[in-house]
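Make the complex out of the two chains shown on their own, each in a separate frame, by following the hints.
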Amino acid sequence: MINVSKIKKGIVLDHISQGQGYKIFSQLKLDEIEDVVVLLRNIPSNKMGKKDLIKIETDIPLDLTVLGLIDPDITINIIENGERVDKIKLKLPQRVTGILKCKNPRCITQYEKVRDIDFILADPKKRTYRCEYCDSHTSL
Amino acid sequence: MPSHVFGKVFFRNKTNGVEPMNKTKHLIEPRDFTIEELDELFRLADNIIASPKDYLDVCRGKLLASLFFEPSTRTRFSFEAAMLRLGGQVIGFDDPSASSTSKGETLADTIRTVGCYADIAVIRHPREGTAKLASKHSPRMPVINAGDGGHQHPTQTLTDLLTIRHYKKHFDNHVIAVCGDLKFGRTIHSLVKAMSRYENVKFIFISPDELKMPAYILDELHDTAYTQTDNLEMVIDQADILYMSRVQRERFVSEEEYERLKDYYILDNLKLQNAKEDMIIMHPLPRVNEISDEVDDDPRAVYFEQARFGMFVRMALIMKLLELEV
Chain A
1 MINVSKIKKG IVLDHISQGQ GYKIFSQLKL DEIEDVVVLL RNIPSNKMGK
51 KDLIKIETDI PLDLTVLGLI DPDITINIIE NGERVDKIKL KLPQRVTGIL
101 KCKNPRCITQ YEKVRDIDFI LADPKKRTYR CEYCDSHTSL
Chain B
1 MPSHVFGKVF FRNKTNGVEP MNKTKHLIEP RDFTIEELDE LFRLADNIIA
51 SPKDYLDVCR GKLLASLFFE PSTRTRFSFE AAMLRLGGQV IGFDDPSASS
101 TSKGETLADT IRTVGCYADI AVIRHPREGT AKLASKHSPR MPVINAGDGG
151 HQHPTQTLTD LLTIRHYKKH FDNHVIAVCG DLKFGRTIHS LVKAMSRYEN
201 VKFIFISPDE LKMPAYILDE LHDTAYTQTD NLEMVIDQAD ILYMSRVQRE
251 RFVSEEEYER LKDYYILDNL KLQNAKEDMI IMHPLPRVNE ISDEVDDDPR
301 AVYFEQARFG MFVRMALIMK LLELEV
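Respectively, the protein sequence lines represent chains A and B. Heads up: the first sequence at position 67 corresponds to 67 in the working numbering, and the numbers run straight through without jumps. Heads up: the second sequence at position 31 corresponds to 31 in the working numbering, and the numbers run straight through without jumps.
Certain hints may be false.
Unchecked claim - Computed, partial: chain B to chain A, Cβ under 7 Å:
(1) 103
(2) 107
(3) 129
(4) 149
(5) 151
(6) 174
Said to hold, decoys possible - Pairs of lysine to aspartate or glutamate, EDC-like flavour, derived with a Cα cap of 20 Å:
(7) A:125 with B:220
(8) A:113 with B:105
(9) B:183 with B:256
(10) A:103 with A:135
(11) A:125 with B:219
In short, the hints are calculated from the structure, not lab data. Since the structure is predicted, the reported quantities are computational estimates derived from the model, not experimental observations. Glycine included, every Cβ here is placed at the ideal spot set by N, Cα and C.
Excised from the complex, chain B in its bound form (with noise of 0.2 Å):
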């Protein structure tokens, strides 16, 4: 009897369209790297930011394509930047319009032809899951994360982990402050789920009630890993670490609940008062009115350098899953 009687909901399928396994590493979200690699990564990373000019040549002859989806500026440039400054190359758009997926073509498609050009692909969608789909359709070619919907942003995790080591040397025994729109921010639920695979980590989330830590990130930590607050200015001087978001417009049904909620915290100078000499002040970037201007100038005000090490961050991920050294 043939198989397909039954259909596929009877049968195991011995092929179903996607490509066999197979070896390639790709991020898809924080957690494919162990710490252990991650902590390969970083040094990696430090080596690139001590000596830049060792590692001009190392990506000579290799193509990354850009494949954005959905408009970026920070993230796109950035991985754009990181290829250049390897040496290599890059192919792509940053406009679904100017691609064949507006003639209809299917995304393994895309992925598949772009497999037969590029040796490393990073790509954007609005759509939940779809790098992961990417990379199923992609045998050969690494595929990067570069934001999935509301759903992952593994880069912006390893700039984060990045950051905090460069300044504090080490993952364990920080307090974090969390501040802002913790509801909706990717990059955050990101951050603390990265953050708390490390010893001793205390978070202080700090949002208006509206915007509180969804309960499916609160249920991941032990009951004394946090605590939650819609004050600022009672905990700033607890926090090593306090990390500023913005509260997302775009995820607002009502624009009077966002008029409502988009200035609750303004940090200025005032408010830092209180705050360790040896805090570090992060923020994803872009920002709105949520860091006062006159904050920039502050020593402890580290996310334009945030920025600049995703950038380097990003070069360490191209060359580890190209698998190439110097």
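Chain A with its partners taken away, still in its complex shape (with noise of 0.2 Å):
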């Protein structure tokens, strides 16, 4: 078993559906962050069988809804001082904004340069949102 160390101050990122960390880690751009990051993959869980877990040592404020759209099941914990000072259950966000890209070739997005276009859930089940342009149905 591999140890890694507590963090001071930062975030750590847990329950992440084992193989989702990679893809969470790329997304979030973590690779481009001079901070202590730690990606673990395959960690045993008794709930979960396996998970991944990301850890990063910082103090910016994270837009929590980018996680809730990329896997609602993820725990935040807040690290202060060490200390686990706050727990927080992602839940699947009604709007995202400047993540998602329209899919429909006919939306006027796909050719002219909109940046952080919002989507609004359209269906929780099937994860789908709504183009704010064209009300086409896409998801990430």
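See the structure below:
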């Protein structure tokens, strides 16, 4: 078993579905930051069988809705002075901004530079979102 | 640590290049107006129809920008006639090659620039969502969607509603038979959505199998609110409103398929024999063969009046968005 020391201040993303850790690591562009980041994969878990986990030693505030879209089952632990001060259970966000891209080839966003497109939750079961411009449905 | 290290995925951007929220009212889709706001708009249109001379100067000194990135006759003329009849003036283009977009200018920059000159803008564009994008870059100038691809055409819906209100006096308790190309007709989709907001409205959808109403429209209706058939003659006697539509050649991949379906329904005097005396026949125009010329003389045929109402409702819309009163 590999041991990773506790972080003093930052965020621990726990209960990431096995195999999703790297996807989240990439989506959050964690390879671009200079703080300490640890990605652990295939950790034994009583509840999940196996899980992934990410530790980030940082004081930057996070946009939690983003993580909710990627994997709503993740638990976010906020760490200060080496102790967990908050535990946040994510939900599928009602609205996401700037993450999804519209897949409708007739949508204006395919032709113009449109930053931060809003997508509104359309079907929670299918995790599909409606483009604010053309109303077509898409998912991550 | 600079926020750009994480990129936009990680953090909410405080500014994103889009103008801040503002109170300028736009018309992008029919549901941008509540039923109460629609009633107010139609009352104003009624007043204009009753006494157009009272409105001759209401837009004096105001400029309408008419931005047509794809061809249109009816809608463009209707808007331009509306503005001129209100005493305003019109600038614009009906060919995108005549605009700076042909030089590579973004839509955002075009709209920001137009907003420096005009008081209100009408935009038609082949891409879906264009009017909404334009409205986001127009903090002071109201933007009206005159058609964005196959997505929305809200002022045609206003035209249809004003016509129904004029002839039927109310929107509730009607049986509306919608006939023809129900698959591709954006005006029909908008009309069904708009009319389904009223009490006890029943729809009869009449189309060949290949051109049936899309599931996403049916999903929004109660099961008892509609029936489907391919036989116009069998159901025409039930209709209070018959809404005919053109089979849209431009939507077909196969010319053969279009030729096979284009004359599937032709409304003529014989078929009208069983229709109610006070039924009205509507059509968004242009028609091809789906309504025989002989029907034009039937008092129930209101489709050319419908086009006239289109101008009046656009006059009312311009006044409402510019917050002008007589």
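Outcome of the hint check:
no.: 1; hint: 103; result: violated (15 Å)
no.: 2; hint: 107; result: holds (5 Å)
no.: 3; hint: 129; result: holds (3 Å)
no.: 4; hint: 149; result: holds (5 Å)
no.: 5; hint: 151; result: holds (6 Å)
no.: 6; hint: 174; result: violated (27 Å)
no.: 7; hint: A:125 with B:220; result: holds (18 Å)
no.: 8; hint: A:113 with B:105; result: holds (11 Å)
no.: 9; hint: B:183 with B:256; result: holds (18 Å)
no.: 10; hint: A:103 with A:135; result: holds (11 Å)
no.: 11; hint: A:125 with B:219; result: holds (17 Å)
Checked against the numbered hints above, the structure breaks hints 1 and 6 and satisfies the rest.
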